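Q: Protein chains in written order, with our numbering: chain A, 1 to 250; chain B, 251 to 851.
Among the hints, a few may not be true.
Far from chain A, some chain B residues (derived; all Cβ distances over 12 Å) [claimed, not checked]:
hint	residue
1	His-283
2	Glu-453
3	His-628
4	Glu-631
If you want the footprint, here are the derived chain A segments under chain B, 3+ residues with CB under 8 Å [what the hints assert, rightly or not]:
hint	segment
5	65-76
6	186-193
Using 20 Å as the maximum straight-line C-alpha spacing, the simulated PhoX-like pairs for lysine-lysine come out as follows [stated by the list, open to error]:
hint	chain 1	residue 1	chain 2	residue 2
7	B	Lys-308	B	Lys-297
8	B	Lys-658	B	Lys-750
9	A	Lys-16	B	Lys-297
10	B	Lys-750	A	Lys-32
11	A	Lys-16	B	Lys-506
12	A	Lys-2	A	Lys-197
13	B	Lys-830	B	Lys-750
14	B	Lys-506	B	Lys-321
15	B	Lys-321	B	Lys-308
Don't read these hints as lab results, they were simulated from the structure. Quick caveat, the model's predicted, so the values are computed rather than measured. From the three backbone atoms N, C-alpha and C, an ideal C-beta is built for every residue, glycine too.
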Amino acid sequence: MKALVAVKRVVDYNVKVRAKADGSDVELNNVKMAINPFCEIAVEEAVRLKEAGTVSEVVVVSVGEKSSQEQIRTALALGADRGIHVEVEGRPEPLEIAKLLKGVVDKEQPQLVILGKQSIDGDNNQTGQMLGALANMGQGTFASEIKVDGDSLQVIREVDGGLQTLKLTLPAIVTTDLRLNEPRYASLPNIMKAKKKPLEVTNPAELGVEVKSHVTQLGVAPPPERAAGIKVEDVAQLVDKLKNEAKVIS
Amino acid sequence: MPAPLLSRRDLEFYLYEMFDVEALATRQRYEDHNRESFNAALDIAEKIAEDYFVPIRKTVDLNQPDWDGEKVVMIPEIKIAYDAVAEAGLICPDQSYEMGGMQLPLVVTSCAMGYITAAASTTNGFHALTAANANLLETHASEEQIETWVPRLRTGEFAGTMALSEPQAGSSLADMRTKAVAQDDGTYRIFGNKIWISGGDHELSSNIVHAVLARIEGAPPGVKGISMFICPKFLLNEDGSVGARNDVQLAGLFHKMGGRGQTSTALNFGEGEGAVAYLVGEPHQGLRYMFHMMNEARVMVGTSGATLAMAGYQYSLDYAKERPQGRKASSKDPLADPVMLIEHADVRRMLLAQKAYAEGAWSLCLFASQLVDDWKTHPDEVGRTGAFELLDFLTPIVKTWPSEYGPKANDFAIQVLGGAGYTNEHPVELMYRDNRLNPIHEGTTGIQSLDLLGRKVPQNGLAGYQACLSAIESTLEAAEGVADCAPMLIALQNALGHLKSTTEVLLGSMLERDIDLVMANSAKYLELFGHVVVGWMWLRQGLIAAQALTAECHSDDTAFYRGKLQSMLYFARWELPQTKVWADLLSDLDDTTYTMEAAWF
Ligand SMILES: Cc1cc2nc3c(=O)[nH]c(=O)nc-3n(C[C@H](O)[C@H](O)[C@H](O)COP(=O)(O)OP(=O)(O)OC[C@H]3O[C@@H](n4cnc5c(N)ncnc54)[C@H](O)[C@@H]3O)c2cc1C
Ligand SMILES: Cc1cc2nc3c(=O)[nH]c(=O)nc-3n(C[C@H](O)[C@H](O)[C@H](O)COP(=O)(O)OP(=O)(O)OC[C@H]3O[C@@H](n4cnc5c(N)ncnc54)[C@H](O)[C@@H]3O)c2cc1C
Numbered sequence: 001m002k003a004l005v006a007v008k009r010v011v012d013y014n015v016k017v018r019a020k021a022d023g024s025d026v027e028l029n030n031v032k033m034a035i036n037p038f039c040e041i042a043v044e045e046a047v048r049l050k051e052a053g054t055v056s057e058v059v060v061v062s063v064g065e066k067s068s069q070e071q072i073r074t075a076l077a078l079g080a081d082r083g084i085h086v087e088v089e090g091r092p093e094p095l096e097i098a099k100l101l102k103g104v105v106d107k108e109q110p111q112l113v114i115l116g117k118q119s120i121d122g123d124n125n126q127t128g129q130m131l132g133a134l135a136n137m138g139q140g141t142f143a144s145e146i147k148v149d150g151d152s153l154q155v156i157r158e159v160d161g162g163l164q165t166l167k168l169t170l171p172a173i174v175t176t177d178l179r180l181n182e183p184r185y186a187s188l189p190n191i192m193k194a195k196k197k198p199l200e201v202t203n204p205a206e207l208g209v210e211v212k213s214h215v216t217q218l219g220v221a222p223p224p225e226r227a228a229g230i231k232v233e234d235v236a237q238l239v240d241k242l243k244n245e246a247k248v249i250s
Numbered sequence: 251m252p253a254p255l256l257s258r259r260d261l262e263f264y265l266y267e268m269f270d271v272e273a274l275a276t277r278q279r280y281e282d283h284n285r286e287s288f289n290a291a292l293d294i295a296e297k298i299a300e301d302y303f304v305p306i307r308k309t310v311d312l313n314q315p316d317w318d319g320e321k322v323v324m325i326p327e328i329k330i331a332y333d334a335v336a337e338a339g340l341i342c343p344d345q346s347y348e349m350g351g352m353q354l355p356l357v358v359t360s361c362a363m364g365y366i367t368a369a370a371s372t373t374n375g376f377h378a379l380t381a382a383n384a385n386l387l388e389t390h391a392s393e394e395q396i397e398t399w400v401p402r403l404r405t406g407e408f409a410g411t412m413a414l415s416e417p418q419a420g421s422s423l424a425d426m427r428t429k430a431v432a433q434d435d436g437t438y439r440i441f442g443n444k445i446w447i448s449g450g451d452h453e454l455s456s457n458i459v460h461a462v463l464a465r466i467e468g469a470p471p472g473v474k475g476i477s478m479f480i481c482p483k484f485l486l487n488e489d490g491s492v493g494a495r496n497d498v499q500l501a502g503l504f505h506k507m508g509g510r511g512q513t514s515t516a517l518n519f520g521e522g523e524g525a526v527a528y529l530v531g532e533p534h535q536g537l538r539y540m541f542h543m544m545n546e547a548r549v550m551v552g553t554s555g556a557t558l559a560m561a562g563y564q565y566s567l568d569y570a571k572e573r574p575q576g577r578k579a580s581s582k583d584p585l586a587d588p589v590m591l592i593e594h595a596d597v598r599r600m601l602l603a604q605k606a607y608a609e610g611a612w613s614l615c616l617f618a619s620q621l622v623d624d625w626k627t628h629p630d631e632v633g634r635t636g637a638f639e640l641l642d643f644l645t646p647i648v649k650t651w652p653s654e655y656g657p658k659a660n661d662f663a664i665q666v667l668g669g670a671g672y673t674n675e676h677p678v679e680l681m682y683r684d685n686r687l688n689p690i691h692e693g694t695t696g697i698q699s700l701d702l703l704g705r706k707v708p709q710n711g712l713a714g715y716q717a718c719l720s721a722i723e724s725t726l727e728a729a730e731g732v733a734d735c736a737p738m739l740i741a742l743q744n745a746l747g748h749l750k751s752t753t754e755v756l757l758g759s760m761l762e763r764d765i766d767l768v769m770a771n772s773a774k775y776l777e778l779f780g781h782v783v784v785g786w787m788w789l790r791q792g793l794i795a796a797q798a799l800t801a802e803c804h805s806d807d808t809a810f811y812r813g814k815l816q817s818m819l820y821f822a823r824w825e826l827p828q829t830k831v832w833a834d835l836l837s838d839l840d841d842t843t844y845t846m847e848a849a850w851f
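Isolated chain B (complex conformation):
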């Protein structure tokens, strides 16, 4: 029997034990739901993943999209899978019934979509982007625009993109140059070059709706002059049917180390008369609108990093249980049967590291999904604003820690398989390659860390920072006296102490020292913060496991909870102590990297 894509027992742990999604049924939006409908959603997603995506995973990787000079050519299996996802209602399970959704809580949606991501992290990217595009329009576009575009995006008839990046403006969106020229009829014409646009061209849908950022002629410089536009590949006729080609041309496709189920395009807008486009919302507010969506998109990126880590862990775990190799150091008989890989402590080290990274990251991402949900559907105002504040604060960490540690977990998965892991007979090297994108897109790790230290921590008089710390501290209090959690309690208290003192030093230095030096090691600061937050998630899991073990358990459940406690212990013993070293570097305002000169390399 092949390895499961994800562990269902583990998913149920998060859903029903850690995040208690059944309690959401008291909210009007979710009143039709219960455990049965949640599980049904997981079942369908798992089936679609197993039946449509797993079988084509390798073929997709070996046959990246190509441009024949006129259109994008992809293997036909992708369209079949694309349609299957749409028909199953898996483009937007969280959306309202009227939009073809299931009004599924976001934490459950994340778990269900986890199956698809585990099998096809990038092939399903077309739908994921379409959903994000539709969410963006639904929040900021006019009623007429919503009516025109959103329902057709929700069904997958149209696909959507996010067109921000330009050759000279990747991390620095402020340097964006694409121009929008107002027309007498209220529409605009767009001129400019965008690159990296995922799903920027393909033949999977009858139309592609680009959400384009551009500057209206005469707009102020920098981020304050950027507006958002709807710019379709094909214009619509009066009756809504798909009409003439708009002036948006595919200039080329990128060929990538992974992510080969998805097209990455260079697009030219306005090679001729200009691409017809419609302003979304107010002029010059485009980046604000986009960032509104980006909080969710960043949670999605982190989730993708964590999901691939979970998938690689499951795969390598299964392999380690099945492959006989070598004997233990204590075995003296050369003719004794070889043991399974999992019998070797060093292999268990690599499995445990994966479990600690993957499940730690995953629970953090689900926690963020819960915050998104609370921000939108919590019955009281305080609940909503509190959730938003914590989410907004945590976003750079939720985006970054899983996308940095996810590929590390995949690296261990490859190592557990040995030579086999280095070949494409097994999917772990593919998972690594796919996962490697996550620290790059939606704001690189470096950019996220500047956002955390330079903006998120100090903003609103440290409000988000304090909210986060007090949430961690209340879990620490709850853990007092729980014997199984004692080592983690101490490790996390220490790490939290390092974080606090480091933060104080850095914030204090911002006023007194060279700001470039203070910000120089921001990525390490994010890693330190990330370790504390993931340690916190492990303590939360450990508390649930410890509690569950006080009652009579089935032997399978006992093993499951013991596994949680052991992984928590691993994080406490092997990971959290590193925060001390990092805190020392940061608090010293270590300038080793800062003072290194280009000429010295």
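Looking at chain A on its own, in the form it has when it is part of the complex:
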């Protein structure tokens, strides 16, 4: 069984994101980039399935600029077998990515597609669901546990009220939540070995997909600074302020 894992290049989660001075975009100069943490969990899950003998090949795909190949190689160092880079300029939005992934799915025919539930740059939480619709596959989103059982897949999902268990027919889509697993660290020798693994580069035209952006970014601004607090005299004054100034209680 082949597993396809999608990974996205984003600003490292440890970086304190800033807006550019002119407010046109997020500052990316000298900013450390990494695999989106949810995608890293997706890679880990696929590699574990391979180690367990359930999956025979883990293919990792990234849609983005040339530099996204770094993240593909990171995934290869974590244990994926080969990579596919769909090269596009700029920052594609979820629908474009989903369409391109659909092109890759058509070509690769994976039984299982694992994605992060969202990427920490756009926080859209859309790509997996859109891909499910486009590829006409069942989807188990926000997965905290998955188990392959013959030609079906059991997915435990994190939902507001607790946990929900679904049974999907393969091929299927899974999007990962934080508690699905704890990703391993790539080891230094594996980073060197990853350089020797195959990495195919393709583009929208080759996949027969036309990419068209529907969203224009007008500006980026930091959240307003928190103003300094004040000390209240007593509880009565606190209640008064909450009621009449902050208007959070009535």
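Knowing the structure of chain A, use the given hints to seat chain B with the ligands on it.
A: Chain B with the ligands only, in chain A's frame:
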């Protein structure tokens, strides 16, 4: 967001702008590498440091290793971190692929390991020593010995030590007494007491491989009669499995002001039948072998001193940006908001001093790592021997200046934090305590300075000394006419002049005057030389920054390069002029300390 352990922008400056490690990819050993794999190594080391070592830093400090009479007891978190480092391939990133390494150039290795040192300067000492032990065996042991021990050291299955010091033989290794008795089967039995042996006992690995220095019975006295042996804690069975306990006993643990992630042991060899040991290389060559490794170990010690200085600087910088306190002298309104500490010029003085010491020391250590690398992998013979000559000459300075000025930087970090810096709520006092070891081990500052003045300068007809001076002079030439570097150019030229005249006086006096008097102020001579060399490193950094600023820069980069130039200026204005005072003392053969009598104290 907590302070970074180290500044990534700064590390990239050294790697890609100052030491141009990308160019190393033309060497066969490094042909698989590029910026991406270098950065990946930094990323992994940073993650391991952040995830495994930072969280346990304080716990480790509060729970030093203990001896329950039978074995060493340490908190379990250390073993978890120990294993994580091994699994990530961070014991020996510079080693060959076959040995589980990444063939990472040494300058990059130093930067990657910098993260671990910044978070756990001593807890990772087990691995650092193991790597040094394995390097030593790989260079001097027989093929069979290498096959038996080295691969298992490289994976961390076994740990290694360096057992030199004895109660009566610390600085003076010539007085070593541990005895080795030859056996009919070609092995030896060792009898004697070693102290201070780092990692001498613990339960982290299935075996401990001691590299022991001892005298074979009947050997000549002094350093010429010392041999090196492999002496394991457990003997190996025929099939290689770990077998019976060897006759090496833990006699006790030292409790130290810092370095509490690492055991410091007193070991008794041969309380019974004698500890089984295997001679490494030729008899009586042990100290030579050990010193071969010690060049690298000394660079490591300097690097550790510099790294902790960098870490303390980052921490106190972050703190100074976040803590509001007081107002400026010019502010008359008592109700005005307090300013952040960093707004006070005196706080900036302490931050700038740290930056100047830390980044000056660090660049010197990376330069030394580059020399080690060139000595081993430079494509042509001249490149290799030239690198070795300069490295060998600079080693006492690379070991000493960072380990003396590193703790000074940490002292400023504590001061920037005020009362908070004096408590263990913040790691700067720990960094200071950990760093304080560096001027002591691997040859004290006093011993290094005797080595520099008494041996390294005069040896081979001043060859190393001249090589060092001409390297400095070529940078001075390159700086002619660069406006941003003008104050440093003058300051360094002056300091270099003081160094040269002082050296001439001292070398001349060696033939004519009481040698003990000439050597009496050697530590000051080393400090003078160190200032010149670190000033040189600052000029090199300043030249790169000045050049970078001639092109269009992102505002973050402009700020970064301005910071480099300002730190260079600090070193030129506040530090280098002191060389004049020191040169005067030295050239006068000042005898104030020399003539002081014990009875007068
Ligand atoms: C935490 C720690 C870990 C260590 N790890 C190891 C290890 O793993 N293996 C190992 O073999 N050793 C180890 N050592 C020992 C270390 O190398 C010695 O402590 C060091 O060499 C100094 O020797 P000493 O302590 O006997 O001091 P001493 O030699 O007694 O020196 C005391 C002072 O006298 C000065 N002095 C001594 N002789 C002279 C001289 N001829 N001229 C001028 N000044 C002089 C010194 O500079 C120093 O300031 C370790 C020590 C410590 C503290
Ligand atoms: C062990 C200990 C015992 C103590 N005991 C007592 C006690 O019994 N009673 C008591 O009242 N207090 C006590 N203190 C508090 C002590 O007096 C303060 O720690 C000290 O006054 C510094 O204040 P701070 O720690 O807030 O540092 P900060 O004021 O935050 O100073 C941090 C750094 O900023 C610098 N700085 C601050 N303001 C300026 C400025 N305007 N211009 C230039 N530089 C500036 C400081 O010089 C320092 O280097 C104790 C502290 C310690 C650590």
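Q: All hints, please: hold or fail.
A: Against the structure, the hints:
1. His-283: Violated, since 8 Å does not exceed 12 Å.
2. Glu-453: 24 Å, holds
3. His-628: Non-interface label on His-628/B holds, nearest chain A Cβ at 22 Å vs cutoff 12 Å.
4. Glu-631: Holds, since 29 Å exceeds 12 Å.
5. 65-76: holds (count 3)
6. 186-193: This one holds; 7 residues, not fewer than the three required, reach chain B with a Cβ under 8 Å.
7. Lys-308/B - Lys-297/B: 18 Å, holds
8. Lys-658/B - Lys-750/B: 27 Å, violated
9. Lys-16/A - Lys-297/B: 16 Å, holds
10. Lys-750/B - Lys-32/A: Judged against 20 Å, a Cα distance of about 45 Å means the pair is violated.
11. Lys-16/A - Lys-506/B: 38 Å, violated
12. Lys-2/A - Lys-197/A: Holds - the C-alpha atoms of Lys-197/A and Lys-2/A are around 17 Å apart, at most 20 Å.
13. Lys-830/B - Lys-750/B: Since the Cα atoms of Lys-830/B and Lys-750/B sit roughly 12 Å apart, the hinted pair holds (cutoff 20 Å).
14. Lys-506/B - Lys-321/B: 19 Å, holds
15. Lys-321/B - Lys-308/B: 23 Å, violated
Checked against the numbered hints given earlier, this structure breaks hints 1, 8, 10, 11 and 15; the rest are met.
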